[in-house]
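Visitor: The primary structure of each chain is shown beneath.
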Amino acid sequence: MTTRLFGEPVQRREDPRLLTGQGRYLDDLGRDALAAAFVRSPHAHARIRDIDVAPALDVPGLVAIYTWEDLPERVGRALPLLIPHPALTHGRTAYPLARDVVRHVGEPVVMVVASDRYAAEDACALIEVDYEPLKPVVGLEEAVQGAALVHEDVPGNVGAHLVQEVAAADGRGAGEVIEAAPHTLSFRLDIERSASMPLEGRGVYARWDGRDLRVYSSTQTSTSVRMAVAATLGLPLPHVEVIAPDVGGGFGVKIVHPWPEEILVPWAAMTLGREVKWAEDRREHFISSAHERAQIQHVRVGFDDDGRVLGLDVTIRHDHGAYTPYGIIVPIVTSTQLLGPYKIGAYRVAFTSVYTNTVQVTPYRGAGRPQAVFCMERTMDKIARHLGKDRTEVRAVNFIGPEEFPYDQHMTFQDGRPLIYDSGNYPEMLRMIKELIGWDEHERRPGRGIGIGCYVEGTGVGPYEGGHVQVTSDGRVHVSTGLTSQGQGHETVFAQIAATELGVPIERVSVVTGDTRRFGYAVGTFASRAAVMSGNAIALACRKVREKALRIAADALEADPADLAIDDGMVHVAGAPSASIPLSTVAVLANPLRYAFDDEAAKATQFSATASPDRPPVAEGEEPGLEGRDYYSPVRSTFASGMHAAIVETDPDTAEIKVVRYAVVHDCGRLINPMIVEGQIHGGVAQGIGGALYERMVYDSHGQLVNASFMDFLMPYATEIPHVETAHLETPSPLNPLGIKGAGEAGVIPVSAVIASAVEDAEGIDVDRMPISPSELFELRELRELRAAME
Amino acid sequence: MKPPPFAYHAPRDVGAALRTLAQVRGKVLAGGQSLIPLMNMRLAAPEHLVDINRIGSLSAIDATPAGVRVGALVRHSDAEHAGAHPLLTRALKLVAHPAIRNRGTVVGSLVHADPAAELPAVLAVLDGTVRLARWDGRAVEREVPAREFFVGPLESAVEPGELAVSAFFPALAPRTGTAFEEVARRHGDYALAGVCAVVTVDGDARVTAARVACVGVGPVPVVVDVTGACGGVDVPGASGGADVTGAFGEVDMTGASGSAAGGWAEAARAVQEETEPESDVHASAAYRRHLVGVLAERALRNAAREGAAARGA
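In order, the protein sequences belong to chains A and B. Quick note: the first sequence uses full-length UniProt numbering, first residue 1, plus one each step. Quick note: the second sequence uses full-length UniProt numbering, first residue 1, plus one each step.
It cannot be assumed that every hint is accurate.
What the hints assert, rightly or not - Okay, the calculated bits of chain A under chain B, using three or more residues with CB under 8 Å as the criterion:
1) 118-124
2) 276-284
3) 425-437
4) 713-726
5) 768-777
To be verified - Below 16 Å or equal to it, Euclidean Cα-Cα: the simulated EDC-like pairs (lysine to aspartate or glutamate) are:
6) B:K2 / A:D27
7) B:K2 / A:D281
8) A:K548 / A:E620
9) A:K548 / A:E623
10) A:K135 / A:D700
11) A:K389 / A:D440
12) B:K2 / A:D116
13) A:K343 / A:D170
14) A:K548 / A:E558
In case anyone wonders, no lab produced these hints; they're calculated from the structure. A virtual CB, placed ideally from N, CA and C, is assigned to each residue, including glycine.
Isolated chain A (complex conformation) (with noise of 0.2 Å):
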C-alpha cells in the first residue's frame, strides 16, 4: 500500500467515534461534579443597587453564591484587552462578574454552584437584584450620535478610529482621485448582526487536587487559557493543565478567552475543594457570547470607461457591542481585506468602531471579510451597471496579474506585518467559475439572476504553531500539536502528513490537539490557520525524526543514510528492499535501554550487538528516543482567494428567494485533503446563506434580543442549502514548506456578496442591505413601483 496520502481524498478518521455517539464532548465530562448557573442581567443597561441572595438560600442543593464583592482582587479584575492596538484608544473590557453596571443583557450578575444545574437555577430564579435602568445605547446610528454613553468615560461612545491610507502611483490622495475619475459613484452598504451558534456552546469543567488543577474547556485555545487562568488565580504554569475535549463547533467564538466562566468555574472549584462544571445553554449563548458583522459601510468610487476603480474611499462604523475584549481586529480584516483580488489605483479607509448596549462583537467565521467583500463586489457590480457592461468583463480589468505576485497592497495586515499577497490567479479563477457555473450561456430573465462575488483571504497568521513526533518501539507514530479541533478534521490531515513524510501506513498515526499535558505552546485555531501552521509544523518534526531514523537504520544496516528509504513502515535501502529495517526496530534503538521489558527490548540493552562499545550510548548532541518537535514561525500570512457564483430564482408573487445553484472555485494552494477542504467550502457556503438570506439579531430599543432562540433566529436547515459545486485551483504557498493556505473561512466569505448580485440581477432592484427576506424583497418591490408610479 501507498504511503503518499499527501492530497488524498482520505475519510475522515474522527467521523466513526463523532457520529456515533462516542465523542466526548464538555458535558460528558464530570458526571459528579457541582453544577454552575449565573444570574444574568435582563438590562441593557443599568446600575446595580443591590443584591439580595437570602431568598435562594433555603433552595436544596445549593453549596455557594458569588458576587463581584466575593472575589479576591485578582480573579475579579476586569479580563483582559486580548489584543491592544494603538487605534483604540479607549478599551474597555467587562469584569468576570458585574461591578456596578451591567452594559448589555446577558452579562452576568451573580454565579450559584449547587448541587445540580436545576437546583443551581432555581436559586439564579430567586436571587434578588435591585437595578436602576440607565438609558441604553441600542444600534449604530444611536451610538454614533453619542447622546447616551455605554461607559461614562467614553466620550461618543467612540473606541476606537483609524484612518489608513494608500496613495495612487502619483502620489494622490484617494479623495482627489475620485474628484477627477471620469465616473464617481457613492452609495450606503448596511450589514446586520449574526453569530457563530456552535451546535456546542461554551463549557468549563475544572478539578483541583490541593495542588494542580486540571481545566476542561470548550474552547479555540486551551493553552492560552491555561495562562490566563494560571496568572489569574496565582498558580504556578506547571500546576495547570488545560484540555479542549471534543468541540462542537468553535467558529470563532471560542478563540476569546479567558470567558469569565474560564475564570471563575476553576477558582470554584479551588474554593470549594470540589469538581465545578459548568454548560451554557442556548439561552446563554445568544445573548452572553458573542456577535458579528453588523456594518453600515458609505462609499465612494471613482473609476474609468473600463471600469478599472481609480480611487475608493470607504467610511465604516462598526458596531462592536459592550465590550472589546478582541480588540478591533475585525474592523483591521474587514479595512484591509476590502481590496480584494484587485488594484486599487488610491485608498483611503476610515473605520469607527463604538460601543452599544449589546452583546460583544468578535470574530466570526471569515471576520469582517464578508462584510468587506461584500463592499467591494457591490461596488464592481454597480460600476458594471453604470457602464453597461458584464460584472465579470469589471472585475477582470481590476485583477492583480498572476505575474505580479508578490503583490504589496501598501497596508498593514491583522498580524502587524505588510499585506502582501503571496501568490494567486485571479484571471484563470474568473475563467474558471465562469466556466463551471455557464456566465455566458445563462439565460437572463426576470425572476431568474445569476451573480458573483470574489476575495481575497488572508490565512496562516503568526506568530507560530508547533508540532511533535513519537515513533514508539510498536512502530505507532503519535502526533501532537497544541492549537484545537472543533471539527474541522485535523485528526485526517496531521495524520496524512506524518505518515505521508515519515513513510508509514496512516492507521498507525493518531493525532492528540489542543492538550496542554502533551504541548505546551501554542496560539489557537482562528482565522484558517491550523493547517498551514500545525501542518507545516509537523511537517516539520516529522523530518527531524526521519532524518534520525535513517541515520540509525544507516547504522544497523551498514549503509549510507542516503542511500536510505522509508515505505509502510520500513527502513529499506533504495533498490534492495531485503536490506530492510522496521521503524519499530528503530524506535527501539533510538533508545538504549539497561532493561529488557520485552523481546523487542532486549535488542537496544547494553550487552545485544547493536550496541557499539566506543561510543556513549546516547551520542552527543542527541536524545533518547525516535522524536522531534519543530515549529512553523511564517514572517507573514500566505493568501487563498476564491470566486463564488450563484443563480436564484425570485417568486413573483411571495419573492422568496430560491438558490437553485451555488458554484465555488477555490485556491487554498496544495491541499492536502480535497474532501475535507470541499467539507469546510461547504459547510461555509452554508454559513454564508444563513448571513444572506436567513440570519440576524434583532434588537428592540430597550436592547432586548427578542430573536434569542433558535426558533426565531433562523439558522438555515439543511433543507434551505443547495448542493455546492466546487473546481480547486492550487497556486501553491512561497511562503512554507507545504505550500499550502487555510481554507476554513473560504466558504463564508463571499455568499452575501455573491447572493445580493444574484437577486439584484434577477429583479432589477439595488440589493445594499444583508440579510434579505422575502419580506424586505416585497417592499423594495413595493417601493419600486412608488417611485415608477411618481415619475
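Put chain B on the given structure of chain A with help from the hints.
Guide: Only chain B this time, still in chain A's reference frame:
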C-alpha cells in the same frame, strides 16, 4: 434551561387522569413539543404535570364515513401515515420536522392553539370539534366546535381540570378538493402566512362551496366562506392534464379563463380583508397581508382543481 420543580403524575387511564386534573392545577403532558421548551425556559411553571402517555385508549384513530376522530395521544406522524383525512394529511406534512412529528400530537397542537400552526386551521375550515372531559363524580364530556374552541393566541376553550380527549375532523363532501398553501422562512417553520382551502364543485366542475382558513394572520385561525365570490366559477383544467409547476411548486393556472381568474382574485381579496396580520421579526404586516391573498388564490385554485378531478370518483 431547566424547569422549576413540579409534581409529576402518570395516570394509566382516562378516569385517573381526570381525577388528578380535578384535584390539582395541572398541565397535561402529551407530546411535550411546546410545553417542555416553555418549562425549560421557565416561561411556564406548572406545579403539576399530568403525563397522559401511558393511557393507551387515547391513541386511537377512528375513521367513519362521517369523519375521523383522533385521540389525544395520536402523534402527528401516526395521523400522517394513517392518511385518515386528506386535508389533515396534507397539513401534517407542513408541521415542523419528522422528529417533532414523531412526538408531537394532533390534539396537543389544537389545545396549544398557536395561531401560526396548521392544525387549528384544518379543524376550523372543516368545522370540526374537540371533545373535552372532566371529572365530576364521573367522567363528563362536552364537544366544542372549532369556532368556539380557539379563543385567542395560545388560548383554547379547555377549562382548568379538563382534558382534551379527542378531536373530530368531518369528512369531505363528494367532489370536494383541499389545499394547504403556506410560506415559511425555512422548511418546517411556523408559516409567515398560510391558507387552507376546501372547495366543492358540481358535476359540471362549477364551484358550489368554497371555504378557507388562514394561519399566522390573526389571533385565531381566520375562517372565510368565499362561496359568494367564487361560487359558479368554472374550474379550469378540470378536463385533466398534468399540473404545470414552476420553480416554487405552485400550480400554473395560465389556462384560467378571465372570469374564473376574477372570481379567485375576488375571493382572495375577501380573505385578505378578514385578516389582521401583525409585524414581527420575520415579516411585516403588509407583506403578510399580500401573502395571504396570493396563498388564498393558490389554495382555492388548487382545491378546486382537486375537487373537479374527483368528480369521477
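Visitor: None of the hints should be skipped; say for each whether it holds.
Guide: Structure-based check of each hint:
1. 118-124: holds (count 3)
2. 276-284: It holds, with 3 qualifying residues against the three required.
3. 425-437: violated (count 0)
4. 713-726: holds (count 5)
5. 768-777: Coverage by chain B holds for the stretch 768-777 of chain A (3 residues, Cβ < 8 Å).
6. B:K2 / A:D27: At roughly 15 Å apart (the allowed maximum being 16 Å), D27 of chain A and K2 of chain B satisfy the hint.
7. B:K2 / A:D281: holds (10 Å)
8. A:K548 / A:E620: holds (14 Å)
9. A:K548 / A:E623: holds (10 Å)
10. A:K135 / A:D700: holds (13 Å)
11. A:K389 / A:D440: The given pair, whose Cα atoms are some 13 Å apart, holds under the 16 Å limit.
12. B:K2 / A:D116: holds (10 Å)
13. A:K343 / A:D170: holds (15 Å)
14. A:K548 / A:E558: Measuring from Cα to Cα gives roughly 15 Å; hence the hint holds.
Hint 3 alone, counting from the list given before, is not met by this structure.
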